[in-house]
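Asks: One letter stands for each residue in the lines below.
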Amino acid sequence: MSAVLDEAPALPAAADVLAIAEEVVATYLGADEPLLEVGPGAPAAAAVVSGSVGVTGTARATVTVELDEAAAGRVAVLMLGLDGIPAPEDVADAVGELVNMIGGNVKSLLPEPSVLSLPVVTAGRVLGAADPVVDLHCLWGPHPVRVTVHVPTSTTSPQES
Amino acid sequence: MKILVADDSRVMRQIVVRTLRQAGWGGHDIVEAENGRHALELVGTEAPDLVLSDWNMPEMTGIDLLDALRAGGHGVTFGFVTSEGSEAMRERAAASGAAFLIAKPFTPEAFDEALRGAVGAQA
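So the sequences go chain by chain: A and B.
For reference, each letter of the first sequence is one residue, going 1 to 161 in my numbering.
For reference, each letter of the second sequence is one residue, going 1 to 123 in my numbering.
Since the hints were derived computationally from the structure, they do not count as laboratory data.
Be aware that a few hints might be false.
[As the list claims (entries may be wrong)] If you want the footprint, here are the derived chain B segments under chain A, 3+ residues with CB under 8 Å: (1) 13–27; (2) 74–87; (3) 94–102.
Note that this is a predicted model, so its numbers are computed, not measured.
All C-beta atoms in this analysis are idealised placements derived from N, C-alpha and C, irrespective of residue type, glycine included.
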């Protein structure tokens with residue numbers, strides 16, 4: 001039951017996570033308004049909705065997407081093809097699916113076997129226990145969007161034996 | 001043809017149905033399930049010709065659904081539509097009898113290619 005240790009890195013590369021997030025946004029929210037990384041100088045969202053998924057197993061990580069309430073509502077409108085104001089449960093569902101797709105693809109970059117959790121969507125910011133290993137400050141149209149990957153400190157250390 | 005779409009996300013079920021239509025597979029009966037256990041019941045009562053299932057769902061996962069179907073003697077054509085498209089997941093899906101795995105985010109072309117390979121040209 002020896003694991004193949006050189007197949008996938010223990011940490012995802014920021015460029016790969018950005019490429020995943022860009023593709024998800026372009027596919028389901030439209031190519032007219034791509035996700036643009038603007039760095040830490042991006043404006044902070046006022047009222048934040050956060051979605052997160054966890055990866056546990058050989059790899060351990062938490063992938064989080066933070067966006068403002070207006071952006072979260074727009075995500076639901078675009079994903080569901082709605083005309084009016086989305087119901088709160090549809091907003092949570094859409095944001096959850098957004099982070100699920102990003103998290104699932106991030107998981108594919110990490111060592112197997114690991115398990116992806118169901119998405120959790122909350123009002124407010126998710127606080128990680130440590131600094132994120134990937135921290136992407138982006139704009140989607142006028143909306144600030146932040147994509148982060150947190151990895152428990154123990155798994156970022158070199159493996160023994 | 002009857003197609004069962006299993007996903008705990010209503011948003012994703014709707015996207016899957018929309019993508020089926022965009023891929024030219026819109027003229028079929030669609031049945032929806034919100035988790036694997038619900039899908040297992042509907043396979044028994046609705047007798048779909050094709051199951052399109054998410055992997056990660058509450059109550060019963062997609063892979064547990066597939067294993068339960070095969071253990072119960074159901075040979076319904078089964079494909080995953082999931083955000084987890086690693087080689088290990090594809091091998092696990094194929095080992096349990098899945099015809100294909102479509103990774104999210106997906107295109108109508110990916111749907112058409114997978115469905116044509118699994119169930120042939122549309123009637």
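Asks: It remains to establish, for every hint, whether it holds in the given structure.
Replies: Taking the hints in turn, this is what the structure says about them:
| no. | hint | result |
| --- | --- | --- |
| 1 | 13–27 | holds (count 3) |
| 2 | 74–87 | holds (count 5) |
| 3 | 94–102 | violated (count 0) |
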